[in-house]
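Undergrad: Sequence:
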Amino acid sequence: MIQAFVLRDGQLRSANGNREQANVFIMSSPKNTELQSLCRQFNLDPVIFNECNSAEEVSRFHEVTSTALEHLQLLVIFDFNVHYSEITDQLTPTILIFNTDHLFLCTQNAANALDELTVAVQEHQQVSALVAHLINFWQGHLIQALDSYEKQINYLNQAAQKAIKDHELRQLTSLMRRLVFLEHTINDQSETITAFEKSAIAQTINSQMLLDIKTNQRRLAKAIHIYRDVLELLNGLYMGIMDNNLNHLMKFLDSAGLILATAALLSGFMGMNVGGMPWKSSEYGFWIILGIALLVAVGISIYLRRKSYTD
Numbered sequence: 001m002i003q004a005f006v007l008r009d010g011q012l013r014s015a016n017g018n019r020e021q022a023n024v025f026i027m028s029s030p031k032n033t034e035l036q037s038l039c040r041q042f043n044l045d046p047v048i049f050n051e052c053n054s055a056e057e058v059s060r061f062h063e064v065t066s067t068a069l070e071h072l073q074l075l076v077i078f079d080f081n082v083h084y085s086e087i088t089d090q091l092t093p094t095i096l097i098f099n100t101d102h103l104f105l106c107t108q109n110a111a112n113a114l115d116e117l118t119v120a121v122q123e124h125q126q127v128s129a130l131v132a133h134l135i136n137f138w139q140g141h142l143i144q145a146l147d148s149y150e151k152q153i154n155y156l157n158q159a160a161q162k163a164i165k166d167h168e169l170r171q172l173t174s175l176m177r178r179l180v181f182l183e184h185t186i187n188d189q190s191e192t193i194t195a196f197e198k199s200a201i202a203q204t205i206n207s208q209m210l211l212d213i214k215t216n217q218r219r220l221a222k223a224i225h226i227y228r229d230v231l232e233l234l235n236g237l238y239m240g241i242m243d244n245n246l247n248h249l250m251k252f253l254d255s256a257g258l259i260l261a262t263a264a265l266l267s268g269f270m271g272m273n274v275g276g277m278p279w280k281s282s283e284y285g286f287w288i289i290l291g292i293a294l295l296v297a298v299g300i301s302i303y304l305r306r307k308s309y310t311d
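At position 7 of the sequence shown the residue is numbered 7 (the UniProt record's numbering), and the sequence of numbers has no breaks.
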């Protein structure tokens with residue numbers, strides 16, 4: 001779907017289908033025919049939108065050429081959509097193509113972007129300032145997502161102090177996968193934001209807005225690296241606890257096997273059908289042999305219990 005609007009005098013009005021008069025276009029999963037028509041009208045490269053709904057899209061900022069519009073800039077950054085459960089759906093690339101008069105915005109979360117743009121036009125007149133406002137807005141969504149992950153990390157840290165269950169291990173794996181996607185996305189976006197701040201068009205933007213963008217991106221980068229490092233530590237702790245539990249189990253099984261084997265060996269010797277064996281003809285011989293085997297087993301158990309394997 002492609003919506004066309006006219007931005008004029010601080011107001012955003014629908015173009016009512018008249019794309020010739022429109023200077024703001026908001027797209028959400030556009031049909032191929034719609035996209036081809038728009039690209040022909042403004043001489044845009046359709047390849048730009050190939051990965052418009054994919055978390056594997058690359059964040060970038062550079063100038064694009066067009067014979068219809070001058071000095072077009074391409075900016076690709078990411079939004080976070082909480083309405084999905086999978087990280088590949090939550091990370092939503094946002095494609096912005098703009099100059100001083102036109103703005104093309106392509107995002108899966110178009111309704112949310114339109115609402116925020118409607119608010120932004122009441123505060124800012126320049127298209128570049130609107131872009132900066134939207135960047136801040138989408139950075140806020142990423143920060144909120146990372147804040148929610150902090151609660152999960154604290155839960156996993158507390159769970160590590162108790163008995164570890166399969167649920168915690170699955171949650172740890174899922175959270176690490178999410179943070180891997182976020183880390184690569186934020187790292188790419190940090191380079192993009194730096195390039196945007198150094199561009200000529202950024203000189204037309206209020207310095208405080210640029211500072212907010214830079215600060216938000218540094219917060220994102222710092223938070224994601226901290227959370228990844230903490231999760232790596234937690235993962236190592238979980239693996240260490242599991243190895244320790246497995247060692248205790250193997251120690252118990254080895255000790256039980258040694259005790260039973262000793263008792264069985266003694267009983268086997270005394271049960272040999274040869275002459276000279278004590279209590280061979282006694283009616284209490286079986287119980288005597290059983291008692292001796294039990295005493296030996298108990299003695300070995302006590303020895304193994306007191307034995308230290310860390311000396």
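No lab work stands behind these hints: they were computed from the structure.
A hint or two may mislead.
Unchecked claim - Distance condition first, Cα-Cα at most 27 Å in a straight line; then the derived BS3-like pairs of lysine-lysine:
1) K251 with K307
2) K162 with K151
3) K198 with K151
4) K222 with K198
5) K198 with K214
6) K251 with K165
7) K251 with K162
8) K214 with K151
9) K151 with K165
Unchecked claim - Okay, the calculated beta carbon distance ranges per label pair:
10) K151 with D254: 38 to 48 Å
11) N154 with V298: 25 to 35 Å
12) R306 with S85: 28 to 38 Å
13) A195 with Q11: 26 to 36 Å
14) K31 with K214: 35 to 45 Å
15) Y155 with V298: 42 to 52 Å
16) Q171 with L258: 36 to 46 Å
17) M239 with H71: 15 to 25 Å
Computed from a predicted model, the values in this text were never measured in an experiment.
Backbone N, C-alpha and C define an ideal beta-carbon position, used for all residues, glycine too.
Undergrad: All hints are to be evaluated individually against the structure, with a verdict given for each.
TA: Hint-by-hint comparison with the structure:
no. : hint                       : in the structure
1   : K251 with K307             : holds (12 Å)
2   : K162 with K151             : holds (17 Å)
3   : K198 with K151             : violated (36 Å)
4   : K222 with K198             : holds (21 Å)
5   : K198 with K214             : holds (11 Å)
6   : K251 with K165             : holds (21 Å)
7   : K251 with K162             : holds (21 Å)
8   : K214 with K151             : holds (25 Å)
9   : K151 with K165             : holds (18 Å)
10  : K151 with D254: 38 to 48 Å : holds (42 Å)
11  : N154 with V298: 25 to 35 Å : violated (47 Å)
12  : R306 with S85: 28 to 38 Å  : violated (53 Å)
13  : A195 with Q11: 26 to 36 Å  : holds (31 Å)
14  : K31 with K214: 35 to 45 Å  : holds (37 Å)
15  : Y155 with V298: 42 to 52 Å : holds (45 Å)
16  : Q171 with L258: 36 to 46 Å : holds (39 Å)
17  : M239 with H71: 15 to 25 Å  : violated (54 Å)
Going down the numbered hints, you'll see the structure goes against 3, 11, 12, 17, while the others check out.
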